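Protein chains: 2
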Amino acid sequence: MEKFEVTILGCGSALPTTRHFASAQVVNLREKLFMIDCGEGAQMQLRRSRLKFSRLNHIFISHLHGDHCFGLMGLISTFGLLGRTAKLHIYAPAPLDQLLQPQLDYYCAGMDYQVEVHTIDTTRFAPVYEDRSVTVYTLPLRHRIACCGFLFREKPTLPHIIREKIDFYQVPEYAINQIKNGADWTTPDGEVIPNRYFTRPSEPARSYAYCSDTCYLPELQEHLKNVDLLFHEATFGKDLEKRAQETFHTTAEQAATLARDSQAGRLCIGHFSARYEDETPLLHEAQEIFPNTILARENLTLKL
Amino acid sequence: MEKFEVTILGCGSALPTTRHFASAQVVNLREKLFMIDCGEGAQMQLRRSRLKFSRLNHIFISHLHGDHCFGLMGLISTFGLLGRTAKLHIYAPAPLDQLLQPQLDYYCAGMDYQVEVHTIDTTRFAPVYEDRSVTVYTLPLRHRIACCGFLFREKPTLPHIIREKIDFYQVPEYAINQIKNGADWTTPDGEVIPNRYFTRPSEPARSYAYCSDTCYLPELQEHLKNVDLLFHEATFGKDLEKRAQETFHTTAEQAATLARDSQAGRLCIGHFSARYEDETPLLHEAQEIFPNTILARENLTLKL
Numbered sequence: 001m002e003k004f005e006v007t008i009l010g011c012g013s014a015l016p017t018t019r020h021f022a023s024a025q026v027v028n029l030r031e032k033l034f035m036i037d038c039g040e041g042a043q044m045q046l047r048r049s050r051l052k053f054s055r056l057n058h059i060f061i062s063h064l065h066g067d068h069c070f071g072l073m074g075l076i077s078t079f080g081l082l083g084r085t086a087k088l089h090i091y092a093p094a095p096l097d098q099l100l101q102p103q104l105d106y107y108c109a110g111m112d113y114q115v116e117v118h119t120i121d122t123t124r125f126a127p128v129y130e131d132r133s134v135t136v137y138t139l140p141l142r143h144r145i146a147c148c149g150f151l152f153r154e155k156p157t158l159p160h161i162i163r164e165k166i167d168f169y170q171v172p173e174y175a176i177n178q179i180k181n182g183a184d185w186t187t188p189d190g191e192v193i194p195n196r197y198f199t200r201p202s203e204p205a206r207s208y209a210y211c212s213d214t215c216y217l218p219e220l221q222e223h224l225k226n227v228d229l230l231f232h233e234a235t236f237g238k239d240l241e242k243r244a245q246e247t248f249h250t251t252a253e254q255a256a257t258l259a260r261d262s263q264a265g266r267l268c269i270g271h272f273s274a275r276y277e278d279e280t281p282l283l284h285e286a287q288e289i290f291p292n293t294i295l296a297r298e299n300l301t302l303k304l
Numbered sequence: 001m002e003k004f005e006v007t008i009l010g011c012g013s014a015l016p017t018t019r020h021f022a023s024a025q026v027v028n029l030r031e032k033l034f035m036i037d038c039g040e041g042a043q044m045q046l047r048r049s050r051l052k053f054s055r056l057n058h059i060f061i062s063h064l065h066g067d068h069c070f071g072l073m074g075l076i077s078t079f080g081l082l083g084r085t086a087k088l089h090i091y092a093p094a095p096l097d098q099l100l101q102p103q104l105d106y107y108c109a110g111m112d113y114q115v116e117v118h119t120i121d122t123t124r125f126a127p128v129y130e131d132r133s134v135t136v137y138t139l140p141l142r143h144r145i146a147c148c149g150f151l152f153r154e155k156p157t158l159p160h161i162i163r164e165k166i167d168f169y170q171v172p173e174y175a176i177n178q179i180k181n182g183a184d185w186t187t188p189d190g191e192v193i194p195n196r197y198f199t200r201p202s203e204p205a206r207s208y209a210y211c212s213d214t215c216y217l218p219e220l221q222e223h224l225k226n227v228d229l230l231f232h233e234a235t236f237g238k239d240l241e242k243r244a245q246e247t248f249h250t251t252a253e254q255a256a257t258l259a260r261d262s263q264a265g266r267l268c269i270g271h272f273s274a275r276y277e278d279e280t281p282l283l284h285e286a287q288e289i290f291p292n293t294i295l296a297r298e299n300l301t302l303k304l
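Protein chains in written order, with the numbering used here: chain A, 1 to 304; chain B, 1 to 304.
In isolation and in its complexed conformation, chain A is listed as follows (with noise of 0.2 Å):
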């Protein structure tokens, strides 16, 4: 199975503690890296984390809090003094391009690659980003000022090539990517042999939701239906439901429940609240609702 992993660079929140990182997460599919949120000290992480720099061509900038972006800077100038030349996207919302500018221009003159902003609308669900791999799309979420989730969506792989029945129709080599792409094979005698014969499934394309920060938003399942992996914000405890209500965050119990109610695979808590030492109550709540919930930390790799 092609790789599709998400690593934890920092799941705290908007104080800093000794035991987190704020927020920044790393998509690895198929060794091209996706960043998610970018808050202070991602770049240190995203050395430990030896995931390699220039595989990250794209970052994804939920929302305009320090927590989730004031690591761009260092990050960006970390990539110039490496040498990078490719250019870098990012996509946040406004008016990070207009906030950016005068750094770049005062920090990174003559830097030999471009940084490009792109703005995106945090109030749809809309595809931001696409690749021949991947579809991201912006999921609304709802927050003290303009803030969305991201969804990446794996494209379906082609079906995997029976190589037996190639070899005993003596398929030529031409004709077996028109196979793959769902094309029948006609003998030269003119049988015409349906495409299922020569092929199998591949695996099912898989998913990634993450959302951060956020009120309990319990719409959000339409889009997040069977997603294999559920990143959601839990700030706060049940005990704290009224603060997280006032704030625009989530108790790790709605987030399980919106787990739940999407039928994810799995559910994976964080951005937790610098009042936790220990998050453990955090997840037992979730688990209470959602079973196969796991509390983040950072440099947590997960499969899908």
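Misleading hints may appear alongside valid ones.
No copy labels: a pair is met if it fits in one copy or bridges any two.
List time: in silico DSBU-like cross-link candidates among lysine-lysine, alpha-carbon distance up to 35 Å [to be verified]:
hint : residue 1 : residue 2
1    : Lys242    : Lys165
2    : Lys52     : Lys238
3    : Lys3      : Lys225
4    : Lys52     : Lys303
It is worth saying that the hints were derived from the structure and are not from the lab.
As the structure is a prediction and not an experimental result, all values here were calculated from the model.
Add chain B to chain A, keeping to what the hints say.
Relative to the frame of chain A, chain B by itself:
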């Protein structure tokens, strides 16, 4: 003796490593905290140090390379979240004020405290801050951009009162402060008792100098004479002296030479190039010239 300590929050250089944070330090002078440089992650390290955030009112920035100032926005935001009301003073070369203002306007709108940026002249040796216990001077350095070090020179404290002499002459309480400030004492009989009978000298005033980033500047010794503790960058070992020269950095040997020629009490070297997995060779190089040298490391506190 009054508290005068330096805590290293980060002593790496521009490229991130898993061993070091970017440049940042805190000078604790009688529980007043002064930050020197504020690289990415400074707020996390400050949290780790257990120094009180509310005691920090002054930040000195040597120069505007990212590894010396990209932690500012995170720290400023966190102070805001913690409900700070006291003004925060930042002393930095231009154009930090211009670079910071749009970010403050956006990320810190509605914060309960003010940030005042004082633009400093990095080309002169001059006081930039003064209170009753310390004067902070800029030390002109030579780097790829405008850069200065900082010299913290404690003010002499008042002499100690010799209690037995006070009692013997039955000096009234109101006169003790005058004696502490240098007055003689005239007895009711008109006899003048010289000040020195009642006092013994206070501890000598101490000083701390921070020099990073810079090429080797022998002329600094004029300002560093007898400094108690010198922190000096030693980005490279002597094998890379040419590289040090080209990039306006210093070797460990050069830093030690400056410490020796300045008759410094102690030398702490830091700002290590990311290429050194182990800085012991740098230490040994320095110690050959100036034995009382130590390596900076994160969370190290040096008492003066």
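Hint check:
Taking the shortest alpha-carbon separations for Lys242 and Lys165, neither the intra-copy value of 62 Å nor the inter-copy value of 66 Å comes in at or below 35 Å. In this homomeric assembly, Lys52 and Lys238 come within 35 Å of each other (Cα to Cα) only across copies, at 30 Å, whereas the closest approach inside a single copy is 39 Å. When the C-alpha separation of Lys3 and Lys225 is checked against a cutoff of 35 Å, the pair qualifies only within one copy, where the shortest distance is 22 Å, while the shortest distance between copies is 60 Å. In this homomeric assembly, Lys52 and Lys303 come within 35 Å of each other (Cα to Cα) only inside a single copy, at 18 Å, whereas the closest approach across copies is 41 Å.
The structure does not agree with numbered hint 1 stated previously, though it agrees with all others.
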